[in-house]
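> Given next are the chains, with one letter for each unit.
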Amino acid sequence: MTKEMQPVTPTTPVPFPSTAIAADAAQDDAGIAKEDTAWTQRPEPTPHLDEAVDSNPTAGEPLGQGAPKMRAQDIKVFYGEKQAIRGVSIDVHEDKVTAFIGPSGCGKSTFLRCLNRMNDTIPGARVTGRIELDGQDINSPDMDVVQLRARVGMVFQKPNPFPKSIFENVAYGPRIHGLAPSKADLDTIVEKSLRRAGLWDEVKDRLTESGTALSGGQQQRLCIARAIAVDPEVILMDEPCSALDPIATAKIEELIHELRGRYAIAIVTHNMQQAARVSQRTAFFHLGELVEYGKTADIFTNPREQRTQDYITGRYG
Amino acid sequence: MSKPLIQAGPATRWSGDEMKRRVARRYAAERRFRALGLAAVLLSLAFLAFLLVTMIVRGAGGFSSTFLTASDATDPAMAGVWGALKGSMLTILVTMALAFPIGVLAAVYLEEFARRNRWNDLVEVSINNLAAVPSIIFGLLGLAVFLKVMNLPRSAPLVGGLTLALMTMPVIVIAGRNAIKAVPPSIRDAALGVGASKMQVVFHHVLPLALPGILTGTIIGMARALGETAPLLMIGMRAFIAAPPAGVTSPATVLPVQIFLWSDEVDRAFVEKTSAAIIVLLVFMLMMNGLAIYLRNKFERRW
Ligand SMILES: Nc1ncnc2c1ncn2[C@@H]1O[C@H](COP(=O)(O)OP(=O)(O)OP(=O)(O)O)[C@@H](O)[C@H]1O
Ligand SMILES: [Mg+2]
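Which chain is which? The protein sequence lines are A and B, in order.
Taken in order, the first sequence gives residues 1 to 317; the numbers are from my numbering.
Taken in order, the second sequence gives residues 1 to 303; the numbers are from my numbering.
Isolated chain B (complex conformation):
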């Protein structure tokens, strides 16, 4: 301790016992909060670690030399995951190509162009509801509209993608609206103030600033779509398909459905195949989430 500049100050208010207890309480509260927060993080990580470890232990044997290149087969030794993986990629591609542009457009329209009135409130409530509708209902909708009315091919990534797009769109709209709302109004004022039109304000300033948020929401929606099983069962993607799909209209299956089918097999050898497929699905998802973080950091700007 160095010599104090002022020896006897008049301010004993800050050095009394009561004040010391206050400070001590404040630090104790902070320590408790930190411990609690850390526990919450560890708990969620523990579940992920448990899942990963059990799957790796059980599924490691499932990775034969042909597991990543072969498709489904009746003989577990021959069965591979490539057909389902390709089906998943094609399906998610269709979903992305539809849900992202339409969702972003809708978000921009609702946030920037639609007038604030009762009609708009109704739309808002509907979209929030749509995001909460169970996925199996979307499957039924897909079955009724895409297969029965539009006569699209059964079991195809195209129909799967369309159905999942319906499901993902509200998520993107909600995330997009929130991201657009978070752009500070002063930026809009600044652009309007130099004579930018509404469109220029939106496309030059608001959207670029909202993009990280929109992308995060989109990827979360996509990851959910990737793991979706029930609606795809409804539109017929549950058949035994022994060849990888040639295109978006050929019959296909997807990873989560493949996992579901294999987990139902009586043959014990399929157990480790199931675990191996789960590992592939998890890695696929981790890659998508990694991409989300990369894109977000790339586009993130401060203001």
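Just chain A, same shape as in the assembly:
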């Protein structure tokens, strides 16, 4: 601050002190912004959904020929007496990113957790219906739940790094599955996973520090790195960018683009633009029901259901 603060004269109506401070700051910023031309040249974030959909050339992709990677049929989930999912059927395709959208509490996380049987761990939770991975029933006795979870990786809604070193966080999965025969291999896997999650540059000099000492957004990326280190076939991401700034978010979206084709990806997001940008398939959930499921381009530009239309245009949420 170079110039003296001018007291705001009480003749102007001031609704709240912070408004006055903000107005003052805005005046200062106006001066700074003129000098900083780079700032004004930054690309504008896409404010409209149509533009976000248009920026995603794959949003209207038709289905491939192959069978779906995962197929859920008539899934119902109960927490005790309370029903959270009311008969949802959906296919997740290997070469597609499937976005799950819907208002808070509509059951997106619950449904995602069905796909790798994480709901098994919640006392009182009951899942009915059939879910297949590559045509095999994931609840059949032939399917080992531990292997299922290695094949269907998950990034949780709340970042949950192990209270161990950053290296150990990423190395844990590959180690217990014997994916790295030597120490050098393990180092490579850890570095590659951290790079892909866009975290490597920030942590490469502090790999021995605790993962819980990272910032919230860094923890989120650490959890993404941990999930991809196991090299799963399907990745379930529950709001992986909720604590990330636009640049880190862009990195994760890039990663999702890059991973598409290698892994089937299902992503829960509250950010409509993000769903429009990264996915080829979008599923809209409301009150435990799957209201509409289809090509991302269709859902965002031409939804069939009124409820979908209302939600994506922000009429309720």
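Hint data in this document are derived by calculation from the structure and do not stem from the laboratory.
Hints may be right or wrong, so weigh each one.
Straight line, CA to CA, 30 Å or less: simulated DSBU-like cross-link-like pairs of lysine-lysine [what the hints assert, rightly or not]:
#, chain 1, residue 1, chain 2, residue 2
1, A, K295, A, K251
2, A, K158, B, K3
3, A, K164, A, K183
4, A, K82, B, K181
5, B, K181, A, K158
6, A, K82, B, K198
7, B, K198, B, K181
8, A, K76, A, K251
9, A, K164, A, K204
10, A, K251, A, K192
11, B, K86, B, K148
12, A, K204, A, K251
13, A, K251, A, K164
14, A, K158, B, K20
15, B, K20, B, K3
16, A, K76, A, K164
17, B, K198, A, K76
18, A, K183, A, K204
19, B, K86, A, K164
20, B, K198, A, K192
21, A, K204, A, K192
22, A, K204, A, K158
23, B, K3, A, K164
24, B, K86, A, K183
25, A, K164, A, K192
26, A, K204, B, K298
27, A, K183, B, K298
28, B, K298, B, K86
29, B, K86, B, K198
30, B, K198, A, K164
Go by the hints and put chain B with the ligands onto chain A.
Just chain B with the ligands now, kept in the frame of chain A:
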């Protein structure tokens, strides 16, 4: 005071008299609570200080050159505490070797593997009850089972340790279960999510995180066992034994029993021996508690 940024704000709500009184009340409440808390701490410390000071004053004369190396004797000038100290160490070693692994295993099983049902509730109630059973009953149990049925040697650290292990186990189980419960579920989710098995989740993540809590509970249980007298009297560790025990099966006595025996002596010289033995017992316990704090800090991690 520097010049305020905004001179006349509209918000008089925060500067009115009522609001000032509120703030003053809040600070006064905090001051009262601090004073009360400090008084509570000082009161408990005062008792410990009183005990230490009286024991040191009375017992200082009891520390002869041979007090820490000799064993019990009929002549107070010759009597030492080494036999009882060694007996205590052997007994506590047996207790630890049994109660810790069994207690931790039981806690892990109950918390992580046992299904939640009525049977489990029953087990829980039983264990809580067991922890509250008076120690003399454990002594009777030890007498009946270890001496009468299994014919183990009387008066031996082995039997004392076994009896105290029975008594300490429920304490460790309860502390262990609480420590395991306190591990956040998100950590289990994280491990399960990368495909760890139940066993891997428990042994790689849950137990290491619960260890500080388990250790604290264990040491508290051990300290209690160390000071226990009644059950050991029941299994015969009250005899006059003039030589330190050679092993866990030789006859022995332990510190608290020694204190009890000496305090019963008619000879006045035993009074200061008693106080000196109490000092030795207290130091032994302080060392164990210090170890507990050290271990807890060493293994404590934040999440
Ligand atoms: N462990 C649980 N026990 C009981 N009820 C639960 C549990 N988890 C979720 N629910 C309930 O199930 C419903 C769906 O929850 P879920 O977490 O799937 O919502 P969501 O769509 O992921 O919401 P958000 O966008 O806020 O994350 C909610 O009504 C919630 O209260
Ligand atoms: Mg959720």
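> Now, for every hint given, state plainly whether the structure supports it.
To see whether the hints hold, each was checked on the structure:
For the hint linking A:K295 to A:K251, the alpha-carbon distance of about 24 Å falls within 30 Å, and the restraint holds. The straight-line distance between the Cα atoms of A:K158 and B:K3 is roughly 44 Å, outside the 30 Å bound, and the hint therefore fails. Straight-line distance between C-alpha atoms of A:K164 and A:K183 comes to about 18 Å, which keeps the hinted pair within the 30 Å bound. For the proposed pair A:K82 and B:K181, the alpha carbon gap of about 25 Å is at most 30 Å, so the pair holds.
Only pairs whose Cα atoms come within 30 Å are accepted, and B:K181 paired with A:K158 is accepted, the gap being roughly 20 Å. A hinted pair counts as satisfied when its Cα atoms are at most 30 Å apart, and A:K82 with B:K198 qualifies at roughly 28 Å. Note on B:K198 and B:K181: the hinted pairing holds, with a Cα-Cα distance of about 15 Å set against a maximum of 30 Å. With a CA separation close to 35 Å, the supplied pair A:K76 and A:K251 exceeds the 30 Å bound.
Simply put, A:K164 and A:K204 have alpha-carbon atoms about 16 Å apart, close enough for the 30 Å limit, and the pair holds. As the CA atoms of A:K251 and A:K192 are separated by approximately 14 Å, the hinted pair is consistent with the 30 Å bound. Using a Cα cut-off of 30 Å, the hinted pair B:K86 and B:K148 holds, with the two alpha carbons roughly 26 Å apart. At roughly 17 Å between alpha-carbon atoms, A:K204 and A:K251 fall within 30 Å of each other, so this suggested pair holds.
Under the criterion of a C-alpha separation no larger than 30 Å, the hint pairing A:K251 with A:K164 is consistent with the structure, at around 25 Å. For the proposed pair A:K158 and B:K20, the alpha carbon gap of about 41 Å is over 30 Å, so the pair is violated. A distance of roughly 22 Å separates the Cα atoms of B:K20 and B:K3; the hinted pair therefore holds under the 30 Å criterion. With a C-alpha separation of about 37 Å, the suggested pairing of A:K76 with A:K164 is violated against the 30 Å cut-off.
Proximity of B:K198 to A:K76 is assessed by CA-CA distance (about 26 Å); at most 30 Å being required, the pair is judged to hold. Restraint check for A:K183 and A:K204: the C-alpha separation of about 17 Å stays at or below 30 Å, so the hint holds. The suggested pairing of B:K86 with A:K164 is violated, with an alpha-carbon distance near 41 Å, which exceeds 30 Å. Distance restraint check for B:K198 and A:K192: the Cα-Cα separation of roughly 28 Å lies within the 30 Å cut-off, and the hinted pair is therefore satisfied.
A hinted pair counts as satisfied when its Cα atoms are at most 30 Å apart, and A:K204 with A:K192 qualifies at roughly 11 Å. At most 30 Å may separate the alpha-carbon atoms for a hinted pair to count; A:K204 and A:K158 meet this at roughly 24 Å. With a CA separation close to 49 Å, the supplied pair B:K3 and A:K164 exceeds the 30 Å bound. Taking the CA atoms of B:K86 and A:K183, the gap is near 48 Å; set against the 30 Å cutoff, the hint is violated.
As the CA atoms of A:K164 and A:K192 are separated by approximately 19 Å, the hinted pair is consistent with the 30 Å bound. A C-alpha spacing of about 26 Å is found between A:K204 and B:K298, which places the hinted pair at or below 30 Å, so the restraint holds. Restraint check: the Cα-Cα separation between A:K183 and B:K298 comes to about 27 Å, which is no more than 30 Å; the hinted pair holds. Note on B:K298 and B:K86: the hinted pairing holds, with a Cα-Cα distance of about 28 Å set against a maximum of 30 Å.
The straight-line distance between the Cα atoms of B:K86 and B:K198 is roughly 42 Å, outside the 30 Å bound, and the hint therefore fails. Restraint check for B:K198 and A:K164: satisfied, since their Cα atoms lie roughly 19 Å apart, inside the 30 Å limit.
Checked against the numbered hints above, the structure violates hints 2, 8, 14, 16, 19, 23, 24, 29; every other hint is satisfied.
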